[in-house]
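Just need the whole structure built from these sequences, with the hints factored in.
Residues per chain, in single letters:
2 protein chains.
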Amino acid sequence: MTIQEAAQRSGLSAHTLRYYERIGLIHSVGRDHNGHRDYAEEDLRWLEFLTRLRTTGMSIADMCRYAELRRMGKHTAGERRELLKLHRERVRSKIAELTEDLKVLDYKINRNGDMA
Amino acid sequence: MTIQEAAQRSGLSAHTLRYYERIGLIHSVGRDHNGHRDYAEEDLRWLEFLTRLRTTGMSIADMCRYAELRRMGKHTAGERRELLKLHRERVRSKIAELTEDLKVLDYKINRNGDMA
DNA sequence: ATTTGACTTGGAGTGCACTCGAAGGGCGAA
DNA sequence: TTCGCCCTTCGAGTGCACTCCAAGTCAAAT
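As given, the protein sequences belong to chains A and B, one line each in that order.
Using the working numbering, you'd call the opening residue of the first sequence number 2 and step up by one each time.
Using the working numbering, you'd call the opening residue of the second sequence number 2 and step up by one each time.
Don't read these hints as lab results, they were simulated from the structure.
Predicted model, so just to flag it, every value in this text is computed and none were measured.
Misleading hints may appear alongside valid ones.
[Said to hold, decoys possible] Below are the BS3-like pairs computed for lysine-lysine, each with C-alpha atoms no more than 30 Å apart in a straight line:
no.	chain 1	residue 1	chain 2	residue 2
1	B	Lys95	A	Lys109
2	B	Lys75	B	Lys86
3	A	Lys104	B	Lys104
4	B	Lys86	A	Lys75
5	A	Lys95	B	Lys109
6	A	Lys109	B	Lys75
7	A	Lys86	B	Lys104
8	A	Lys109	B	Lys86
9	A	Lys95	B	Lys86
10	A	Lys75	B	Lys109
11	A	Lys86	B	Lys75
12	A	Lys75	B	Lys75
Put into structure tokens, the structure is as follows:
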């Protein structure tokens with residue numbers, strides 16, 4: 002699949018796809034006969050996972066670390082799981098924080114007097 | 002209260018406090034006899050609210066818009082409430098998204114085989 | 001044969017939200 | 001009175017995550 006199709010399906014721009022590859026987030030995307038990127042379904046799944054990490058606030062640097070471990074093979078699975086667990090805690094905290102903020106927002110909205 | 006105390010209590014740096022004032026997010030902080038900023042309790046409450054908007058992902062530009070409306074007086078209360086309602090929807094969506102992402106993370110973590 | 005259009009690379013540019021530096025003023029303690 | 005420290009303003013610098021540009025290649029369409 003071409004970079005445009007991959008962009009379409011992943012929701013990332015072609016620019017971003019090339020950028021991710023350049024910094025090592027995506028490894029070894031195949032090339033066709035004239036050197037154009039040729040994305041496989043597996044690349045799409047990886048991209049989808051990366052996107053999930055991004056939307057949950059993981060930094061590009063941490064994602065690179067994760068990608069590097071993944072490239073190193075399955076003996077790093079434990080370490081990767083630990084990273085994910087750590088990240089999960091951050092996501093849980095963020096949800097808790099947002100939920101709290103939502104309450105304050107509700108209060109502000111429902112109060113009719115002068116709003117701060 | 003001095004800028005350092007305000008920084009301490011708001012959790013923002015003195016640099017950021019000056020920056021927020023410069024771009025109009027904070028209006029008219031009092032000055033003492035030698036021109037130093039002198040924060041009032043009300044400023045602290047406003048800062049706390051601003052921080053809540055930031056942590057929930059509101060852009061500085063949108064916060065400036067809100068601050069501007071606030072300065073214009075209480076006839077803008079309706080408009081401000083509308084902005085807040087809109088923002089509340091964004092926060093709700095973000096919570097929903099994160100909750101979904103959390104499920105995927107849980108799945109990835111609990112699955113023992115090779116992790117993508 | 002030429003044009004069109006999508007692709008390649010490397011490097012430069014952008015926008016956001018800070019963050020810091022330089023130059024200078026005021027004031028209390030040694 | 002000199003030191004040290006915290007403050008002021010203005011403008012420049014930083015880090016992150018893209019985002020875009022220039023120059024060139026290649027293949028299909030006209």
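Okay, the hints, checked on the actual structure:
1. Taking the CA atoms of B/Lys95 and A/Lys109, the gap is near 19 Å; set against the 30 Å cutoff, the hint holds.
2. For the proposed pair B/Lys75 and B/Lys86, the alpha carbon gap of about 17 Å is at most 30 Å, so the pair holds.
3. Among the hinted pairs, A/Lys104 with B/Lys104 is consistent with the structure: their alpha-carbon atoms are about 23 Å apart, no more than 30 Å.
4. With a C-alpha separation of about 47 Å, the suggested pairing of B/Lys86 with A/Lys75 is violated against the 30 Å cut-off.
5. Our distance criterion of 30 Å between C-alpha atoms is met by A/Lys95 and B/Lys109, whose separation comes to about 19 Å.
6. Our distance criterion of 30 Å between C-alpha atoms is met by A/Lys109 and B/Lys75, whose separation comes to about 14 Å.
7. Restraint check: the Cα-Cα separation between A/Lys86 and B/Lys104 comes to about 12 Å, which is no more than 30 Å; the hinted pair holds.
8. Between A/Lys109 and B/Lys86, the direct Cα distance comes to roughly 10 Å. Compliance with the 30 Å bound is thereby established for this hinted pair.
9. For the suggested pair A/Lys95 and B/Lys86, the alpha carbons sit about 20 Å apart, so the restraint of at most 30 Å is met.
10. Between the alpha carbons of A/Lys75 and B/Lys109 the distance comes to roughly 14 Å, so the proposed pair stays at or under 30 Å and holds.
11. For the given pair, A/Lys86 sits about 47 Å from B/Lys75 by alpha-carbon distance, which is inconsistent with the 30 Å threshold.
12. Distance hint between A/Lys75 and B/Lys75 is unfulfilled; the C-alpha atoms sit about 61 Å from each other, more than 30 Å.
Of the numbered hints given earlier, the model fails hints 4, 11 and 12; all others are met.
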